[in-house]
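Engineer: Could you put the whole structure together from the sequences, leaning on the hints where they help?
Residue numbers (our numbering), protein chains in the order written: chain A, 1 to 607; chain B, 1001 to 1081.
Incorrect hints may have been included.
[To be verified] Cross-link-like lysine-lysine pairs, in silico, PhoX-like; alpha carbons within 20 angstroms at most:
{"hint": "1", "chain 1": "A", "residue 1": "Lys424", "chain 2": "A", "residue 2": "Lys34"}
{"hint": "2", "chain 1": "A", "residue 1": "Lys3", "chain 2": "B", "residue 2": "Lys1026"}
{"hint": "3", "chain 1": "A", "residue 1": "Lys103", "chain 2": "A", "residue 2": "Lys576"}
{"hint": "4", "chain 1": "A", "residue 1": "Lys559", "chain 2": "A", "residue 2": "Lys484"}
{"hint": "5", "chain 1": "A", "residue 1": "Lys279", "chain 2": "B", "residue 2": "Lys1075"}
{"hint": "6", "chain 1": "A", "residue 1": "Lys576", "chain 2": "A", "residue 2": "Lys586"}
{"hint": "7", "chain 1": "A", "residue 1": "Lys484", "chain 2": "A", "residue 2": "Lys576"}
{"hint": "8", "chain 1": "A", "residue 1": "Lys423", "chain 2": "A", "residue 2": "Lys34"}
{"hint": "9", "chain 1": "A", "residue 1": "Lys3", "chain 2": "B", "residue 2": "Lys1036"}
Because the hints were derived from the structure by calculation, they are not lab data.
For reference, the chains in residue letters:
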Amino acid sequence: MAKLTAVDWLIMLLYFGFVVGIGFALKPKMKTSKDFLQAGRALPAWICGLAFLSANLGAQEVIGMGASGAKYGLETAQFYGIGAITAMIFVGIFMMPFYYGSKARSVPEFLRLRFDEKTRALNACTFAVMTVFSSGISMYAMARLMQTLHVFDGLFRAQGWAPEGIFTFSIVLSAAIVLAYIFMGGLASAIYNEVLQFFLIIAGFLPLVLLGLRNVGGWSGLKAAVPAAYMHEWKGVAHASTNPMGVEIIGLGMGLGFVLAYGYWCTDFLVIQTAMASKNMESARRVPLIAAIPKMLFPFLVVVPGILAIGLPTPHSTTVTRVENGAIIHEINVVPPQVEQGRGLVPAKLNPVTGKPMLTASGEPLLDYDMATPNMLLHFFPTGILGLGLTALVASFMSGMAGNVTAFNAVFTYDLYQSYIYKKGSDRHYMTVGRFATVGGILLSIGTAYAAINFNNIMDTLQLVFSFVNAPLFATFLLGMFWKRATGHGAFSGLIAGTAAAMLHHGLTLPIEARSGIHGGWIAVLHHYPSDMAQNFWTAIFAFWVNFIVTVGVSYCTKPRPDAELVGLVHSLTPKPESAKLVWWKRPEALAAAILLAVIALNIFFY
Amino acid sequence: MDLDLRIPIGLMFALVGAILTAFGLKSDGNVALYAKSLGINVNLWWGLVMAVFGLTMFWFGQAGQMRVEKERDGKKKKAAS
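Structural biologist: What follows is the structure, given as structure tokens:
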């Protein structure tokens, strides 16, 4: 339980002060809708690069990666290795010239330029819904965490407020702060705060990992403390039964490395918006590459705490009897049942009605993996640095939320409002709309926050949403950018078919040990997967290929656009970027090659 | 967006570092408090690390900001003459 003192509160308040202060400092610079929604397209590459990484460092990363580290072990690092990093290289080298060069103001707008109006409308609508959903999940996760860690309990007791209000208080507090700084400083404010949060996460988690490793006796001590399969990225990956995630190599490679990661990093406006805010094409292409460098090292900060939590000894109730001055003294240390039934520092889930630990179908206690990282913080941090650790956690939630809100603003203002509601407004008008879209977006997120309660792993929920909406999307962009024959009708029908395929697949399959419903199998159960992660990967793979095949098929049956209209939008019709004139080692390609070599080295090392 | 971001980041880290260091010094030798962190005074040590990092960042930020402002003044003068 978090016992916070004045020092902890001081650090947290200081952070809130800086966050809002940055918004305030940027407010006078917001003169046009471009300043507000695109940060004026004037930021340096390193800022955008760190923000590119941080935008994704929300709830799903910090808590979810720790949870997956505890649940699946080092295999989680695959999210980084093959998935994210190669995807970031791909988007920087091959896709950014079209995003940035086309002068599109958002990802859906790029779809209108390349394909047609209806494809854009479809993408803009699904994206707007998704951002609201994601930021709602961020908010919900944060409020739950504040409740579980009893962060505000002392404050509430001192004020004589009912403890039931903590959930709402956390949501309103985080929403108000995010609203304040985005309302004032727009995307620039969000990006600046994402960079601030990047450094804060390192400051909060590095000492945690160092203390944890010291406690278990270093890297070799950690290896000895957890099952052997936990410490390998690749070993046992050839068959589903021999690795903790229960996914075999094709599911892993295709689902995670290619479809999910590429779908996310290459098409999600949430991250792309930071690269599109940089000052020129050269910087825009470098942004994802700069982000990839710290991304390689982040498993050490966010996955390892989860593995450490499993590896540490489980606390048990103990009675120590000793004789002191002739008197026999019993010291009884009682540990709550959910902790004792857990593994390491990961507690078991309690049934809220009976108060007994919940069991899986095979009689094992169901573990609350989302608590792995927070429990590590509470276990190792004394007051003082505990404030810093909690602030880092809060910061990650808020910036995850902020990224979603700014993405929502731009898509709503440019792709929905300006395109379909009111076309002839002045620039000033659209800036005001952008500002008030912030308010609307945050209110909708609060609504979803109260509705998101069903999964035991936040990341599984997000992956599920991404696999419905994002996985088919990557096929559309890939064909759009590299195949000039692809048509608007093709893209549109491909997207619909892809999303339908994802839903159908999810409705027909079920992970073992799960009941039909939100976990899948809501039509009929035709196939069982060993884990919900494996199911998600395969959903994504089906969505991707159905979209790919339908888009190609329909494109051949419909009339292609003339080549002249596609200059700057399709690879074969676009002149090479300026960087071709630079000395070889100054080109983004050289940086990309260096990163790729480093990733391969890391993967060999942690085989 | 001509606000050098290293200035606010540096400032914040320096302040948090100073708070942690001061608290660490005050609570130094408190065995019960630092039992959690394996007997290490993490507040003091990590506070120092953060303060040094913050000041370095702040210093580079100031230098960068000055350079940008000088460049802008130079451009203005050129435009005026």
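Engineer: Looking back at the hints listed earlier, which ones does the structure fail to meet?
Structural biologist: none
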